[in-house]
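K.L.:
Residues per chain are reported as follows:
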Amino acid sequence: MNSEFLSPVSVDEAVSLMGEGCAFFAGGTETEHLNSRVSASTFILISGIEGLDVIDASGDAVRIGSTVTFTKALKAPEVPEYFKAALRYCGSLQKRNMATIGGNVASWRCDSYLVPTLLAAGTQLEIADETGCREISLEEYGQNREAFKKALITAVIIPSEKTGVNVISKRYANTVESHAYLTIAMGKMNDSYRIGLAVKGSGIYTPDIKNWGVVWKMADVKDDMFGSEAYKRYITGVTLDDMYEKLGGEGGDQV
Amino acid sequence: MKLNLTINHIPRCYDTDPAKRLQEILAEHGYNGVRDSDDCEGFCGSDTILLNGEPVYSDLIPAAAAQGAKIITPDGLRDLGILAAKGVDLTEDFFGEGCSPEEGRAVVDRALLLNGKEAGDCLTLVQQAMVDAGVVGSAYNAPAAALLLTWLIMNDPHPDREAIKEAMSGIFIRDAGYEHYYLAVKLATERMDSGAYSTQPAPSFRPNLNIIGKLAEKVDGPALVRGDKVFVEDYVPADACIMKILRSPHAHAYIKSIDTSEAEKVPGVVAIITAANCPDIYYMQAGQGNPEPSPHDRRLFNWKVRHVGDRVAGIIAETEEAAEKAKALIKVEYEPLKAVFTVEEAMAEGAPRVHNGVVEYRAGAPADLDEYNKDAGDWRDGKVVYQFPLGADIHHNVAAGNCGGIGDVEKAFAEADAVVERTYQTSQIQHTPLEPHVCFARMEGGRLAVYASTQVPYHVRRIVGWVTGLPENKIHVIKTRVGGGYGSKQDILVEDVTGYAAFLTGRPVYYRNTREEEFIANSTRHPMRARVKMSGKKDGTITGIFMEVRANTGPYGNHCLTVPMNSCSKTLPLFKCANMAYDLKVLYTNSPPAGAYQGYGTPKGTFGIMMCMAELAEKLGCDYKDMVLKNHVETGYMLDILKGLGEGREGNVVPVGSCGLRDAVLQGCDMINWGVKEVSDDPDVKIGKGFAMIMQGSGLPGLDHSEAIAKMETDGTVILNSGCADIGTGLDTICAKIVSEIMCMPMEHVTVLSGDTDAAVFDTGSYASSGTFFSGNAAVVASKGLKEEVLKEAALQLEEDKEDLELRYPGEVYSKKTGKVLTYADLTHTACSGSGRGMMVYHGNFVTTASSVPYGAHFAQVAVNTKTGEIKVQKFYALQDAGTPINPELALCQMYGAALKSIGHTLYEGMILDKDGNCVNANMTDYGVPMIYEQPDDFKSVLIDVDDPDGPFGAKSISEIACNGAAPAIGIAIHDAVGVWLEDWPMTPEKILRKLGKIV
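Which chain is which? The protein sequence lines are A and B, in order. Whatever position you read off the first sequence (first residue = 1), add 20 for the numbering used here. Whatever position you read off the second sequence (first residue = 1), add 23 for the numbering used here.
You can take every hint at face value.
Calculated from the model, a selection of chain B residues having no Cβ within reach of chain A, i.e. all distances over 12 Å:
#1 Ile281
#2 Asp282
#3 Leu360
#4 Thr446
#5 Glu771
#6 Lys840
#7 Tyr865
#8 Asp939
List of simulated lysine to aspartate or glutamate pairs, EDC-like, C-alpha gap at most 16 Å:
#9 B:Lys406 / B:Asp303
#10 A:Lys242 / B:Asp937
#11 B:Lys890 / A:Asp261
#12 B:Lys938 / A:Asp244
#13 A:Lys266 / B:Asp705
#14 B:Lys288 / B:Glu341
#15 B:Lys895 / B:Asp961
#16 A:Lys95 / A:Asp76
#17 B:Lys815 / B:Glu829
#18 A:Lys95 / B:Glu77
#19 B:Lys666 / B:Asp606
#20 A:Lys190 / B:Glu893
#21 B:Lys361 / B:Asp401
#22 B:Lys938 / B:Glu367
#23 B:Lys938 / A:Asp243
#24 B:Lys406 / B:Glu383
#25 B:Lys1021 / A:Glu249
#26 B:Lys43 / A:Glu24
#27 B:Lys348 / B:Glu285
#28 A:Lys266 / B:Asp707
#29 B:Lys25 / A:Glu24
#30 A:Lys170 / A:Glu40
#31 B:Lys810 / B:Asp827
#32 B:Lys843 / B:Asp827
#33 B:Lys839 / B:Glu829
#34 B:Lys406 / B:Asp393
#35 A:Lys95 / B:Asp179
#36 B:Lys890 / A:Asp262
#37 B:Lys890 / A:Glu265
#38 A:Lys242 / B:Glu1013
Treat the hints as calculated values from the structure; they're not laboratory data. Backbone N, C-alpha and C define an ideal beta-carbon position, used for all residues, glycine too.
Given these sequences and hints, build the entire structure.
P.N.:
Spelled out as structure tokens, the structure:
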């Protein structure tokens, strides 16, 4: 309560309104949720900004505007099936109608529906801040969250299926509606493999496959209500092995 | 801000805070189909609306984000149907501006078609189909579900199963499961297309009867599915005070001091109740027969807190904000104590005592009680008062205990060909009713009125009477519709303090649990450890069974004897075995409170005993099915084991009555192709099958008591004033059908007034599967009595012999001798005229020592991934002998709901405490209830046709028993699939992997 809500009509205006105590507001599933991590005295409503809810396929990429809802993306023929698989991890119709692509990325949750798949696909983000608009990799965004905290994600740009990209993902949760304790994705493009991994209570990991072992060994994986560290490490290993094999990788224990 | 909306086709403008949630705004303005079940968790879907044509959670939308929206609320559907019938174009309301499909108007009009009934019975076809399919049970979410299905049919006129699954994916249904929602869509679309159903919603029973066992509209179905004002929250006036409870952060602590002075200064604070000023009255919260087999071990507020979430103070204020502010200003100094959370910790030598006060007995005090009490601790421990001995020893944290048996189990074990001994553990389970525990109370004309969502109105009255000191004639309990209970509303968890607060302040007081409070400060299913030892001969004969049960009752002893007792009394009598013994102990701990839960202790006992039997069968080299068929009881078998298994008194030894157990086993085995090994296409996935025998009771013979008064009104209609408490199961409908059947009159001429302690007569309430059997039989007695009164009066008026008269449909007396006809209207009009003999009334009272036991068998087929440990229930078949199913469609839905719930308990659910006793998953998302995606793809409920001699028209209970089979059926199926025995709930992938040796 007692929050102010602003309704900019353009990206520039939205970015100019961003300041201390402000937060962008799109679908509401993160900001209004019980025990939300988002608190702000001013919310900047971005759902009314023209152009942010557009899906556009051109060349080898599909550009999905940040206020596109999960439902809209699921219905769009341009959106690759590997990304739709991640969108379906959000098991509730009502949530899919509300949650936005940009909101899910920006919240960078360790039980994120989308981020592991987007990382494995080599996604680019289009962002806007006081310095203007530009493209960055999703990986960079994840590694420098503090630097981008005032930036507005305007679109995610993912490789289309025409590029030959192949992404497999799997979500482990108690029930479909429960928070995921592990979301694992592996992507292959041009004989190059990428992993995206979200571990509840631990974080999001973005290694390429060559340094995966080191990264995973250092990862802070805990025993918690979702399962033991041993279980989570085991299940991650067998899932990645399985994905690697399905993507045509050779040598079952490489992952 | 000025918030402009179009709601249900009508433009509205509200002056509101832009941050205020849309759900609150809508509810405040009378859109009472927009409810809240999850405190903005975005989970349950009670807050579902259509916003610009899309289903969304209105809890997660601030006013500012809804400006200019077109909204449809669940409670608006019927009226919109009426508008559409009048030719109003609602396309934009349902699809949003400029988003209508080409045939938009036609699909909207089709999906809003009405059932053709008038006024209060007018529903849309979707709503009507939900009632007819039997899914409108406790129905807190039924209006929202109707909205979702309407939206679905508008967007997909003939949706397939996957489309329905997706439409229902964001709504939690705990009462009926989801299976008959598929049926509801089928029925609705059939009627939209052809004007009539071509599918029969449920089988029909008893062709010799007109109404019993046939499909008929649930009497409260229309109001519930439409979203009428029927729940406690709907009775709360705007001027009601709000009560909030300050709860303990410690699992075990004395309160050294409590300072409310600053809190009392907050403007709007009316009163604060604490241990320092509450009545010094010890009582318990279990809604059971009086004297209760539960200790009186608490006051409204205690000087010792015994679990995280225990009550510390009740703040009554004119606004929620004032109550919260005052709550934060209360200063409490605690003296923390070492806590115990498990039965093992509670039983350990030198364990901290959860209760360490003086023990008293109202009857049967042991001779050494004074000596025992010399060891009592601090005065702040209070006291524990037993109504009669329950085998307690609170110095060792034993709240109750019992042991006994028949034959000689040790000899049986010694002489057996094989013996299996295993220990099974079950987790702490929350009921998760969609409507949380809620109460509204106020003084009305010098009497205390309590609006309660309860299973036990008369027990509420008694216990509120205790804590207020008011006699029962000064208390009026009004049971509203109950938005889900499942046993938790058998306990008086909020009515005690709310009633007292209204009595103390003279102000109307409203209290509602948060969802977190539902987990930490409510009742739950007892965590239980059951050690089962079973022996057998090579021919498959079971020769001995021993059950050692150690149950965790938490800090207070609600149902502490009866719940664990059921783990033996509703399992051992399944077996024809001459040597059986049991040893029960119930332990006080500092974990969240336990209490009644659908099935009582039976699901846990059934889990242990059936799993142990399956392992014994394997050890003996017997086929499990053959072993079941060889050892199960049959009609006439004398159940000597029951002698020691009463509920605090000697049990009734009776022979097995009607019994459909064998039929259920054989039919289920055929359905699931028992003995045929299924093979998955995925080499990592192994498939297995399992089943379990199950039983329950139909109330408590010798303890339960039901009454009803049937009276014929002056126009020939009948009102039944029943003490019964319909908690959504259709009990009012059962009573109405019974009256109609016996009185040969249409159901619409019968009204059942129930659950109101002023308007009805005593009934122990709806628990222990007593509703149909006890309250239904009371309706039978009352109706038969009224029939006699009618025949006697008609004989006088017609001047004929009563023996020559009979009742005839649709409500008349017919003379077989003279052919004369006297309608009920004429008959009663004359009787109530100035010269008549008065209204025809009969007061029916039903008690019995007869026991109508429902039986059944539940079957599961599971697929287990040996690489990941993931478990998928592919098939689940619930086959039950419920006697005569009086409401067949509702009976099936109760079976689906309970079975899905118990699948949830088996695989997903369990409260998890940290080392300090904090529940770390006290929310719906983390706790893990099953929703539509968890429902087995092939899910069937089958009613085994048995006519019971003691039940009303042959009926037995239906619902509780359906909680008993899933755990053992799934556990046995997992073993069949991958060869491991899982001995504890929930059965998780990690536990599978550990058993398989994949994780060390």
